[in-house]
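Modelling step: build the complete structure from the supplied sequences, incorporating the hints.
Going line by line, the protein sequences match chains R and G.
Numbering-wise (my numbering), the first sequence opens with residue 1 and increments by one.
Numbering-wise (my numbering), the second sequence opens with residue 1 and increments by one.
Keep in mind the hints are simulated off the structure, nothing from the lab.
Please note: incorrect hints may appear among the correct ones.
Which copy is meant is left open, because identical chains are indistinguishable; a pair holds if it fits in one copy or across any two.
Unchecked claim - Computed cross-link-like contacts, EDC-like style, restricted to lysine to aspartate or glutamate with a CA-CA straight-line distance of at most 16 Å: (1) K139 x D127; (2) K139 x E91; (3) K139 x E128; (4) K87 x D13; (5) K99 x D75.
Protein chains: 2
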Amino acid sequence: MSNISLKIGVATDRATTLAAINTIEGLSSWWTTDVSGETSEGQTIRFRFNESGPDMKVTASSNDKVVWLCTAGPDEWLGTEISFLIKDEDETVIYFQHKNWREETPFHYHCSMKWATFLLSLKELLDEGKGRPFPDDRKIVTTGF
Amino acid sequence: MSNISLKIGVATDRATTLAAINTIEGLSSWWTTDVSGETSEGQTIRFRFNESGPDMKVTASSNDKVVWLCTAGPDEWLGTEISFLIKDEDETVIYFQHKNWREETPFHYHCSMKWATFLLSLKELLDEGKGRPFPDDRKIVTTGF
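If you want it as structure tokens, here you go:
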């Protein structure tokens, strides 16, 4: 099993940070503009990138943590877990993990890099008021996603 | 053991890409401006960030691969391996790996995110002619590195 583990600090408080992760409006402001569903525990959120994308079941949602289980979407994502842990350190810090990948395939390398750019987008949203969700996302290849 | 695995595509050829990774001038244009040593196989490169930083022994250097072993620097980096594999796909692609971390500590999360921003810097150098090496690097925290 392999994990993608990333950490970023933001210049705002924990409640504001959490709202960017546990509301549809927040998520659509930094990951993809096409988000639907419900973000409360037990519900499912649908993320779409040009009509395809993952469904995430919310398995935990508290004032310092959000955890999703991927229940539909890219084959390599099925059964993987995504978590956001928010801590008060010298500043508000987000510990992100996308874990339980079966293998370190090229798609794993790609998603690891892509998650990093979306966390930069989340930081830009929180620090400067505007993120870069798909389709205006920061590109990591010359053509394509 | 845990790995950091990242992938990025660039709009230039493999030889130009390689020169950004296997020369002192190239490395100082996207990772840190303070680089010294020799980049040929068997030699050691010293990377410094405000006077501290890792020493890397070059264990492989060919026309599609560069591999370093960390021989001095942060405790968690000692004995870890960093590799750059350059492939001709639809475009030139860099497969980056920093592997054999003993644990997924907060510093591992930090370095994973920081490597992603330095690969963006490498992409900017190759695509646009100017990278963002330390100390002008893209920050992932509000204060500090």
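Against the structure, the hints come out as follows:
no.	hint	verdict
1	K139 x D127	between (21 Å within a copy, 12 Å between copies)
2	K139 x E91	between (28 Å within a copy, 14 Å between copies)
3	K139 x E128	between (20 Å within a copy, 14 Å between copies)
4	K87 x D13	within (10 Å within a copy, 42 Å between copies)
5	K99 x D75	within (14 Å within a copy, 25 Å between copies)
Consistency with the previously given hints is maintained throughout, with no hint failing.
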